[in-house]
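What follows is the residue order along each chain.
2 protein chains.
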Amino acid sequence: MTFAPLKNDRFLRALKREPVDMTPVWMMRQAGRYLPEYRATREKAGGFMDLCMNADLACEVTLQPLERYPLDAAILFSDILTIPDAMGLGLYFETGEGPRFRKVVRTAADVAALPIPDVESDLGYVMKAVSTIRRELNGRVPLIGFSGSPWTLATYMVEGGSSRDFRHLKAMAYEQPEVTHQLLDKLAQTVIAYLNAQIRHGAQAVQIFDTWGGALSAEAYKEFSLRYMKQIVDGLIRDHDGRPVPVILFTKNGGLWLESMVSTGCDALGLDWTINIGDARRQVGDRVALQGNMDPAVLYSSPASIRAEVKRILEDFGDHPGHIFNLGHGITPEVDPEHARVFIEAVHEFSAK
Amino acid sequence: MTFAPLKNDRFLRALKREPVDMTPVWMMRQAGRYLPEYRATREKAGGFMDLCMNADLACEVTLQPLERYPLDAAILFSDILTIPDAMGLGLYFETGEGPRFRKVVRTAADVAALPIPDVESDLGYVMKAVSTIRRELNGRVPLIGFSGSPWTLATYMVEGGSSRDFRHLKAMAYEQPEVTHQLLDKLAQTVIAYLNAQIRHGAQAVQIFDTWGGALSAEAYKEFSLRYMKQIVDGLIRDHDGRPVPVILFTKNGGLWLESMVSTGCDALGLDWTINIGDARRQVGDRVALQGNMDPAVLYSSPASIRAEVKRILEDFGDHPGHIFNLGHGITPEVDPEHARVFIEAVHEFSAK
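Quick note, the sequences are listed as chains R and G, same order.
Residue numbers 10 to 362, in this note's numbering, belong to the letters of the first sequence in order.
Residue numbers 10 to 362, in this note's numbering, belong to the letters of the second sequence in order.
Next up, chain R with everything else stripped away, as it sits in the complex (with noise of 0.2 Å):
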């Protein structure tokens, strides 16, 4: 695959903390509900899944918010659970109720019947998807891969779904040490194999998010869910058509263990916003970029206060490289667009050179 040369490499850059004319910006679920063209798709796919599953209506979703906005980056639209349910778990969506799945993970003999999947045929279509959205978008922005983690992965996969407590999932990490890390090594090693294909399709760079490592003690946070991390760190491609792939870790709640995921040898973090960015980046010096970190719920206040805080933290952060400015969780639905737009455009006015 060849593919138009990058126009907009400020991303990728400043990811390797190099200089860059402005701030990048991008938000996590930008392509997302809080977009009427982007409700208008999901109501043309059917469901969600169907959405994920169609690479034209999929790329035409990555696409619609930089049509609207000056951001940086692209992310691949896609579901973190593809890869359960790539292995015969049985991926539902209910009305008002999350995703769930038919069949959960819960024994030593569940773990054990789990196949790894294959990930050109078993999840092609994230693969065509990613390659759909590459071409299309001809060298406009880089384009982001994506994983769940595998902790945050094996939390639907035993809960059956979305959770408030993790009860199934942590009374077998405590009590079933072992059979845990079968399942967790077992979601290493595909999600190894499901970012490298998706570098091979083109993505640019990656995001490993762990939306619920943040829910464990700190002890079992590096045992069940940072080891595996650095595992896929490890076993990614690093350096693909002759540019660096920069791998990105984003830990929700991960604010306390920012020097540990630091020597998983990645090459930024993602924070939310409970961690003061200053703080963060006098802690991980020049070792890792950072990205982020604006509560979304700021998004609901007034334009003067939303501008307020992209310029608090662009001081708080600093005159320094490695900086990619984000939210510190997805956009929500209910935000109105044209926040999202002064948001955005403040980030590029305040920090322009």
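Some hints could be false.
Same chains, same label: a pair holds when it works inside one copy or across any pair of copies.
As the list claims (entries may be wrong) - The calculated lysine to any residue pairs, modelled on SDA-like cross-linking and capped at a C-alpha distance of 20 Å, are:
1. Lys231 <-> Arg321
2. Lys320 <-> Gln185
3. Lys320 <-> Ala227
4. Lys239 <-> Asp325
5. Lys320 <-> Pro186
6. Lys239 <-> Ile201
The hints are simulated quantities; they were obtained by calculation from the structure and are not laboratory data.
Start from chain R and add chain G according to the hints.
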């Protein structure tokens, strides 16, 4: 009022960082749904608030876990939302829905119209429960009084109930900080009066539950939550009846902010499980006691795993005075009461001098 002399002062001594024969232990929400006897009393009372408002029944459920387990403290059975209810917002509970308010607070006029309750009359039922429990405890263990933090109370008052993203209150905080400060100041004044009345009626220590302060950015936490907890600490009765009345500050997900929490002048910090208690102890040194910090989900695992985790936490804290063992959040309804026993007994067994 004269009460019986205290037989077990392990908890109060640990809060003052004095030597103890073994580490004291209690559990947040120890009088709760995991206990069949609690469910029976609640059934008898009618609704949840009927239980809170009946001093004899509130006393009955407060004492239930002490009958089962060798706990070192009792905590007043009540709800954090008694204050907003006394401000006229009309608290009610819908089955499976959590707390709701008939009126919400969204505008400057709403805030201006909020009355500051007379805690002795409007919240007289709480004071009656406190003195009843203290009398019935008969000096067995100390009684803890409590309140929600102003920020935490405000989340329910502004959102109208539980919330995932606190969109209305956060929008208010960013857009109309002065209105938000008026609301939080009214709440802080009320909490001071409320906790001081609990102390006068028999509470021997008090805890401020800042359940949702951890959902704020580091900056917003200091401005909108911590500031008002400091105002409360400054306004509390710190000695009563010839004994100090220790105050414990618990911000869930506050592990990044221990230093600023210590600076309020409180006696102890409550920790959730995301921070290693040894790391926390190295940060705070001899300035405050620490309460915590086992993940409540460990109680879903086997007795052997529970005992191992208790031992690990005791060892991480190390051989210093000033540890009160607790869970990092409330015990959950699905826990086997026998697992709670294993937990409590393990704390005493492994820490006995």
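Quick rundown of the hints versus the structure:
1. Taking the shortest Cα distances, Lys231 and Arg321 sit within 20 Å of each other only across copies (15 Å), while inside one copy they are farther apart (32 Å).
2. In this homomeric assembly, Lys320 and Gln185 come within 20 Å of each other (Cα to Cα) only across copies, at 18 Å, whereas the closest approach inside a single copy is 48 Å.
3. In this homomeric assembly, Lys320 and Ala227 come within 20 Å of each other (Cα to Cα) only across copies, at 15 Å, whereas the closest approach inside a single copy is 32 Å.
4. With identical chains, the CA atoms of Lys239 and Asp325 are never at most 20 Å apart, being 29 Å at best within one copy and 25 Å at best between copies.
5. For the identical chains of this complex, Lys320 and Pro186 are inter-copy neighbours only, at 17 Å across copies versus 45 Å inside a copy, given an alpha-carbon limit of 20 Å.
6. Taking the closest pair of Cα atoms, Lys239 and Ile201 come within 20 Å of each other only inside a single copy of the chain (11 Å); across copies the shortest separation is 48 Å, beyond that limit.
In terms of the numbered hints stated before, the structure departs from hint 4 and from no other.
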